[in-house]
Amino acid sequence: MTEVLTTTNTRSIRLKGRSFLALVLSPDLPFEDWLMRLDDLAARSAGFFLRRPIVLDVEGLEIDLQQLRDLLDQLGRRNVRIMGIEGAHPSLLGADMPPAMTGGRPASDFEATEAETPAGDLSSAPADVETSAPPAPLPSNIVTQPVRSGQSLMFDGDVTIVGSVASGAEVVAGGSIHVYGTLRGRAEAGAMGNVSARIFCRKLEAELVAIAGFYKTAEDMEPGLRGRPVQLWFEDDAIRAETLG
Amino acid sequence: MGKVIVVTSGKGGVGKTTSTAALGAALAQRNEKVVVVDFDVGLRNLDLVMGAERRVVYDLVNVIEGEAKLTQALIRDKRVDTLYLLPASQTRDKDKLTPEGVEQVIAALKKAFDWVICDSPAGIERGATLAMRHADVAIVVTNPEVSSVRDSDRIIGLLDSKTAMAERGEHMQKHLLLTRYDPARAERGDMLKVDDVLEILSIPLLGIIPESMDVLRASNIGAPVTLADNHSATAQAYFEAARRLSGESLPVTVPGEKRSLFGKIFGRKAA
Numbered sequence: 001m002t003e004v005l006t007t008t009n010t011r012s013i014r015l016k017g018r019s020f021l022a023l024v025l026s027p028d029l030p031f032e033d034w035l036m037r038l039d040d041l042a043a044r045s046a047g048f049f050l051r052r053p054i055v056l057d058v059e060g061l062e063i064d065l066q067q068l069r070d071l072l073d074q075l076g077r078r079n080v081r082i083m084g085i086e087g088a089h090p091s092l093l094g095a096d097m098p099p100a101m102t103g104g105r106p107a108s109d110f111e112a113t114e115a116e117t118p119a120g121d122l123s124s125a126p127a128d129v130e131t132s133a134p135p136a137p138l139p140s141n142i143v144t145q146p147v148r149s150g151q152s153l154m155f156d157g158d159v160t161i162v163g164s165v166a167s168g169a170e171v172v173a174g175g176s177i178h179v180y181g182t183l184r185g186r187a188e189a190g191a192m193g194n195v196s197a198r199i200f201c202r203k204l205e206a207e208l209v210a211i212a213g214f215y216k217t218a219e220d221m222e223p224g225l226r227g228r229p230v231q232l233w234f235e236d237d238a239i240r241a242e243t244l245g
Numbered sequence: 001m002g003k004v005i006v007v008t009s010g011k012g013g014v015g016k017t018t019s020t021a022a023l024g025a026a027l028a029q030r031n032e033k034v035v036v037v038d039f040d041v042g043l044r045n046l047d048l049v050m051g052a053e054r055r056v057v058y059d060l061v062n063v064i065e066g067e068a069k070l071t072q073a074l075i076r077d078k079r080v081d082t083l084y085l086l087p088a089s090q091t092r093d094k095d096k097l098t099p100e101g102v103e104q105v106i107a108a109l110k111k112a113f114d115w116v117i118c119d120s121p122a123g124i125e126r127g128a129t130l131a132m133r134h135a136d137v138a139i140v141v142t143n144p145e146v147s148s149v150r151d152s153d154r155i156i157g158l159l160d161s162k163t164a165m166a167e168r169g170e171h172m173q174k175h176l177l178l179t180r181y182d183p184a185r186a187e188r189g190d191m192l193k194v195d196d197v198l199e200i201l202s203i204p205l206l207g208i209i210p211e212s213m214d215v216l217r218a219s220n221i222g223a224p225v226t227l228a229d230n231h232s233a234t235a236q237a238y239f240e241a242a243r244r245l246s247g248e249s250l251p252v253t254v255p256g257e258k259r260s261l262f263g264k265i266f267g268r269k270a271a
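Just so you know, the sequences run in chain order A and B.
Going by our numbering, the residue at position 34 of the first sequence is 34; the numbering climbs one at a time, nothing skipped.
Going by our numbering, the residue at position 185 of the second sequence is 185; the numbering climbs one at a time, nothing skipped.
No lab work stands behind these hints: they were computed from the structure.
These numbers were taken from a predicted model, which means no experiment stands behind them.
Every residue, glycine too, gets a C-beta built ideally from N, C-alpha and C.
Where hints are given, some of them may not hold.
[Stated by the list, open to error] Okay, derived cross-link-like pairs now, EDC-like style, lysine to aspartate or glutamate, Cα gap no bigger than 20 Å in a straight line:
hint, chain 1, residue 1, chain 2, residue 2
1, A, Lys203, B, Asp195
2, A, Lys203, B, Glu167
3, B, Lys11, B, Glu125
4, B, Lys193, A, Glu170
5, B, Lys111, B, Asp160
6, B, Lys3, B, Glu199
7, A, Lys203, B, Asp196
8, B, Lys162, A, Glu205
9, B, Lys3, B, Asp81
[Stated by the list, open to error] Far from chain B, some chain A residues (derived; all Cβ distances over 12 Å):
hint, residue
10, Glu32
11, Ala43
12, Pro53
13, Gly60
14, Asp96
15, Ala238
With the rest of the complex left out, here is chain A:
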């Protein structure tokens, strides 16, 4: 989506619309417990939230201004930087806080009840259009070069990598990830909450795999899977894996 608005002036300022993929954190009360669980997740995947755009969803939470301020402060201390807040009453948002986000289109969430309620402001046009139109097919992405250490690739849909993913590299996809080479770095499939996303690789040496936000580090993986062709999927709140072929 790229919309260009221009004035009739000769030297106009170009305003562009652009959509980004952001992760949504939906805390629940009491925040102390939720933060403990967040710390646990962060401990298993150090640096995951670092420098990523994060939206805080406080829809339906009975909190006051001070509580929200404290929560933002707690998240800030954990290096989780919030770019916007969704579902908050305008009175909750101070001028020094991240701006309100509206009209977000959540990718299918794994809790069905939540998936049916469009998040954000219902009056915004894009959300209405989206409910009536059939969902656009997710793009397929093909990468024909090896993904090098330090590189981070992000895709909305499925991604196929003809080559290896190096140690210290990262592939994040809204859909499934296929690696026709050795997976040594990180692979995060279903990054927007798609629990049916899978990870396939010809040789598993991954440092970390994730599906729909659930993680498994190399240490948690069965040693028997190392160096083998493997597929990983999500079932009963856990990541499952089996060898292929």
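Place chain B on chain A using the hints.
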């Protein structure tokens, strides 16, 4: 117009400076005009390895700052007529290296020399990115161990994204120079195998340099390995690498093994 080569690795201590000097001297002995450029401002070493530390008057930073002409800063080697050194500054701030200044110096050197070999500092900061910025070809120096391989992989990613060539949408040629290869340790399985390194980095192999006391001995007397004792195994490996760099097809022999990696590696598609 000459060819600009960056010798880079990410990790320190893997042999960038040794390789820059050795390849520079090897190419110069083929009567090609070569300049080796030290980009390691503040930690310069190339002048020592070239045996020119007592002859440095002006350096790269002086040229960029307009305090000296390029011809004043270039030091001609006493042993090989066609070999020159452009030293780095040991005292100046590395922020004095500006992208515009480096571009001008490289452009001028390219006109006067057949080969401009840039010795990159370790790391991925300013000095390293400026050293690779205007290169036509990259030599990635890697030791057969995991941290060096991962750092090299990171550097290859930067070569494919942060260089002037990459920004023009062109493909930069990259060669792997596997250094400090120890046949005895390889035999015991203490080191990554050549095939494993090639599989991970997937770039063509320029040569395998055996771990050797020759390197230390040569740097102590201030001579590139390929000038100190050109019959040593190390020197021979560098001479062969220089020939491959000039476009010759030579099989790469793995030290301590009978096999050679000719068709296998050069048949591979460079990434």
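Straight-line alpha-carbon gap Lys203 (chain A) to Asp196 (chain B), limit 20 Å: Distance of about 14 Å is within 20 Å: holds.
Would you mind confirming whether the straight-line C-alpha gap from Lys203 (chain A) to Asp195 (chain B) stays at or under 20 Å? holds (16 Å)
Examine each Cβ of chain B, and state whether all of them lie more than 12 Å from the Cβ of Ala43 (chain A). About 23 Å separates Ala43 (chain A) from the closest Cβ of chain B, which puts it past 12 Å; holds.
Is the Cβ of Asp96 (chain A) farther than 12 Å from every Cβ of chain B? The assertion about Asp96 (chain A) holds, with a minimum of 34 Å to chain B.
For a C-alpha distance cap of 20 Å, please report whether Lys203 (chain A) and Glu167 (chain B) respect it. violated (32 Å)
Once the closest CB in chain B is found, is it more than 12 Å from Ala238 (chain A)? holds (30 Å)
Least C-beta distance between Gly60 (chain A) and chain B, which was stated to exceed 12 Å: Holds, because the least Cβ-Cβ distance between Gly60 (chain A) and chain B comes to about 43 Å, which exceeds 12 Å.
Status of Glu32 (chain A), Cβ more than 12 Å from any chain B Cβ: Given a closest Cβ separation of 39 Å, the condition holds.
Given the hint that Lys11 (chain B) pairs with Glu125 (chain B), does the C-alpha gap stay at or below 20 Å? With Cα atoms ~12 Å apart, Lys11 (chain B) and Glu125 (chain B) stay inside 20 Å; holds.
Hint consistency between Lys111 (chain B) and Asp160 (chain B) [alpha-carbon to alpha-carbon, up to 20 Å]: violated (25 Å)
Hey, Lys3 (chain B) versus Glu199 (chain B), does the alpha-carbon distance stay inside 20 Å? Given pair Lys3 (chain B), Glu199 (chain B) is violated - Cα atoms ~28 Å apart, limit 20 Å.
Does the claim that Pro53 (chain A) lies off the interface hold, with its Cβ farther than 12 Å from every Cβ of chain B? holds (21 Å)
When held up to the earlier numbered hints, the structure conflicts with 2, 4, 5, 6, 8 and fits the remainder.
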